[in-house]
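Next come the chains, spelled out residue by residue.
Protein chains: 2
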Amino acid sequence: MQYELYYWPGIPGRGEFIRLALEDAGVEYVDIGKISGNKGGGAGAVSEFLHGGEIGRPHFAPPMLKAGDIVVSHVANILQFLGPRLNLVPDDDASRYWANGLQLTLTDFVSEVHDTHHPIGSSLYYEDQREEAARRSGVFVQERLPKFLHYFERVLSTNAGNEPFLVGDRHSYVDLSLFQVVTGLRYAFPRAMQRLEPEVPEVAALADRVSQRGRLAAYLTSDRRLDFNEGGIFRHYPELDT
Amino acid sequence: MQYELYYWPGIPGRGEFIRLALEDAGVEYVDIGKISGNKGGGAGAVSEFLHGGEIGRPHFAPPMLKAGDIVVSHVANILQFLGPRLNLVPDDDASRYWANGLQLTLTDFVSEVHDTHHPIGSSLYYEDQREEAARRSGVFVQERLPKFLHYFERVLSTNAGNEPFLVGDRHSYVDLSLFQVVTGLRYAFPRAMQRLEPEVPEVAALADRVSQRGRLAAYLTSDRRLDFNEGGIFRHYPELDT
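Listed in order, the protein sequences are those of chains U and S.
The opening position of the first sequence corresponds to residue -2 in my numbering, with each subsequent residue numbered one higher.
The opening position of the second sequence corresponds to residue -2 in my numbering, with each subsequent residue numbered one higher.
Please keep in mind that the hints were generated in silico from the structure rather than gathered at the bench.
Since this is a predicted model, take the numbers as computed values, not measurements.
Virtual Cβ for every residue (Gly too), placed ideally from N, Cα, C.
Check before you lean on any hint, since a few could be wrong.
[As the list claims (entries may be wrong)] According to the in silico footprint, chain U covers these stretches of chain S (three or more CB under 8 angstroms from chain U): (1) 78 to 92; (2) 113 to 125; (3) 129 to 143; (4) 230 to 237.
Given the sequences, and given the hints that come with them, work out the whole structure.
Dropping the structure here:
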């Protein structure tokens, strides 16, 4: 199976959650957004595919994954599609619904991170909503960030062992996604994270452990891995990191 | 199978998307939040179940559905679990991933509706974020609301027929959810919807057709159906309906 990932070039964004699973599994995939426009890739190709031409099923937003005749959009949906195929989720139904539920909590978490710098609208510049962003970030850092982190700490503690995992007794795609969220938060809110990480040692340890997985570690130091930047979800605006 | 729904009492909220599927299918379920506290229900029972005691899997937020040994949380996750069991989604994999993707777009839509009145934080009163709410609602009504509605119109038009459906050639749980969103929007933003509905006739027609399905029509006029109110997702604040 040749997988094709459709995501905007230039930012890790939501596409990165899919890349992490594909890279960790060591499968081949074509990252359409990163191919130059001359060669049929780039933002133009992503945008065209979004409208669903060939199969008559328009999608709302990237990322989208094409796998043969099936096209799947939304991060959690793509990961539950890939999970069994990449051996990144347990076999039983109860664990798969549990994994998908955790991934959807991460989806909400990521969306709230995005809205710290865009509380009024994605179509406006950050500079045009700085005041509201400061206020929303205050509530985020004070209430929401600890709430989400403590939640995942509780999940890890409940699923205890020497090396706890979010689901079952091996790493799943949800662990890879939590790694990405923690890494993004360390970039965007370094002061808040430095204060909070000691309260969630299992979460911090999981993120560090995931980053050392063989193929993933190689990917993270390769030039395929995109740096966080101020065009993405996780942005470092020091004035929001209170 | 005896289903148990765990959701906060007093508001339709996200729990209503689950009720619509169960009611449309005519299956029995226990709505724990609506049972009195004396009898082991109510908000206390929902809150206790949230923490996942008996199975050691804490959930982040209601709704949760218990079906035998499986507990599922997040609306889209619950609906994809119920879909095949209630005969509310086609059989083939491609259609199921497509249905789940559409449902996740509705999840995002609903979350943006919520944030029109709570752009700074859910823990603050509306009255403490009115100014920001007015600004965010302006962008929502001007840009996001038409974008989402036109998207679903395009999906319906692409999947054409005399009576189009979002997925396949029969009503699915996604149609029931779109009905709920349109109904909520008519309550919360009556002026904006009156202006926009003529631009999205298939969406409006779908919502009306769903409301006339036998068991669903009976449910909607029963006292089990909760009215929209200013404690929920869809709130009517005339000053936000520009």
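Structure-inconsistent hints, enumerated in ascending order: 4
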